[in-house]
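Chains as they are written, first to last, in the working numbering: chain A, 1 to 158; chain B, 159 to 355.
Don't read these hints as lab results, they were simulated from the structure.
Please note that the accuracy of each hint is not assured.
[To be verified] Pairwise CB distance ranges (calculated): (1) A:Asn69 / B:Lys353: 38 to 46 Å; (2) B:Arg236 / A:Gln152: 49 to 57 Å; (3) A:Pro27 / B:Asp321: 19 to 27 Å; (4) B:Arg187 / A:Asn69: 27 to 35 Å; (5) A:Lys91 / B:Asn267: 30 to 38 Å; (6) B:Lys336 / A:Asp70: 54 to 62 Å; (7) A:Thr37 / B:Asp301: 36 to 44 Å; (8) A:Gln120 / B:Lys205: 30 to 38 Å; (9) B:Asp224 / A:Ile7: 32 to 40 Å; (10) B:Lys342 / A:Ile139: 23 to 31 Å; (11) A:Pro58 / B:Asp301: 46 to 54 Å.
Just so it is clear, CB atoms sit at the ideal spot from N, CA and C, and this is done for glycine as well.
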Amino acid sequence: MSKLVFIAAVFISQICVAQKARIVKLPELQRVISQATHDVHIINFWATWCAPCVKELPFFENLTRERKNDIKVTLVSLDLDLDPNPEKVYKFIARKNLQSEVLLLDEQDPNSWIDRIDPQWNGALPATIILNGRTGKRIFIGRSLEEGELEQYISQIQ
Amino acid sequence: MLAFAGLVGLAAHTATPGYQIGQRVADFRLKNFDGKIVSLSDYKTAKGVILIFDCNTCPYSKAYNDRIISLHKSYASRGFPVVTINPNDGQQSPGDSFEKMVAKAKSKNYNFPYLLDETQQVATAFGATNTPHVFVLRREGDDFVVAYIGAIDNNSRNAEDADKKYVEDAVNALLSGKPVTVEKTKAVGCGIKWKDA
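With the rest of the complex left out, here is chain B:
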């Protein structure tokens, strides 16, 4: 019995399924890099939100950083702003500490939020597993519903070589009232750095 408990204790974070396509998401309130609190409900006049679990340190996050900034530039004015959330434990990953987040956001002139998920509850609720990990949300009245989950596109190395632009396709579909054809995708990435229990 003790040996079994020991083995269970080793797996500190139990992956929960998280939100599914079509599911309504709960509101959240997290601290932005500018010190202010940002809630999902702040976006009640938007058509939706491109929510991205992202971090400083992951090489995939670095490879996609300009594309993330680009998404905000393309879609914020059309009703789909980008919101990024850092779910990583700053103790395990010092490069993802709040101070480092502030530095990164300032150096890249972020005009969208870069929020700290201190307790990792939001990442857990969404079922986020990697960075970057995108959840495109569409607004239905006062609620936000998941419309797409997964990768930004199908080529991490090179934006120009990506011939499947999953997030753009999903948002374009939502903007023109069409169904999202590819609702879930997978990508290689860095696992989220979960706190030890």
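Chain A on its own, in the form it takes in the complex:
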């Protein structure tokens, strides 16, 4: 009986891990962005090969760990734009024990959708959108963030 419980627990934990990273197309990404479940929603565009992106991930992870109730963080990986195999991303997530929601965007022809994410975005990584879930007000930051900047922008948007 305890063996069954153990197997069930492992199975469930695997599902929980798998739900952290999913491959999405643009409409699903747009749906996630427009869904206002929290006061503040932060969407960060990154890739495993992007050094400045990886360097700032801890700032977002901190928010997921400490302000889960009022702030939602979504990390959108653009890794698939260059490599169709998502394994590298999954391994990275496991290695870094990322707690935030991770979406892997599976879309080619970026000129057709970059402006639909944000017209201010020139396509460079990293980029971050900070959204007020209630008012819809947004701040777009088309560069990497420094220590403490995220908190300042969050105060600004609330």
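Based on the hints, put chain B in the right spot on chain A.
Using the frame of chain A, we list chain B on its own:
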């Protein structure tokens, strides 16, 4: 006041709009991987220039490297040579240092310039933001005017799967005296590594 200054200080590089379509560009003089100085005005007998801000380290630059070499092969003899410029700060990105540029250009037998934008003034003037970032220039008398800004094509992963070849279309249009239909595009890429102020 001090706190505000602190926040402003964090954003070391202020993105300037750069050259727009139809705008005349200023001449530049930059050091090539062979040690010689190359100017835009050296190309006054060409029909134009395919100017590409590019680097060693960016995975997008690597994915597009053969296509960049191909563009020069296709268009140099028809009046549109490729000129590449590395705008990255070698301190922040050691893989993009001048020595590394020389090694890369030699290993791929570059027969077009790979220039170092040491002060990053040229990248700033153009408003380049990513690598690779293309500015197709057409010559009007002694001047070069911007005809196209943006991506090389619409598929970073695979040249064969690209069904919109923006730079080729722009240059082909210029060569046949037709208007460039798609003048500006965007692509995902590596941000330029700007020096700290």
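A quick look at each hint next to the structure:
no.: 1; hint: A:Asn69 / B:Lys353: 38 to 46 Å; in the structure: 40 Å, holds
no.: 2; hint: B:Arg236 / A:Gln152: 49 to 57 Å; in the structure: 52 Å, holds
no.: 3; hint: A:Pro27 / B:Asp321: 19 to 27 Å; in the structure: 21 Å, holds
no.: 4; hint: B:Arg187 / A:Asn69: 27 to 35 Å; in the structure: 57 Å, violated
no.: 5; hint: A:Lys91 / B:Asn267: 30 to 38 Å; in the structure: 36 Å, holds
no.: 6; hint: B:Lys336 / A:Asp70: 54 to 62 Å; in the structure: 55 Å, holds
no.: 7; hint: A:Thr37 / B:Asp301: 36 to 44 Å; in the structure: 54 Å, violated
no.: 8; hint: A:Gln120 / B:Lys205: 30 to 38 Å; in the structure: 34 Å, holds
no.: 9; hint: B:Asp224 / A:Ile7: 32 to 40 Å; in the structure: 50 Å, violated
no.: 10; hint: B:Lys342 / A:Ile139: 23 to 31 Å; in the structure: 24 Å, holds
no.: 11; hint: A:Pro58 / B:Asp301: 46 to 54 Å; in the structure: 49 Å, holds
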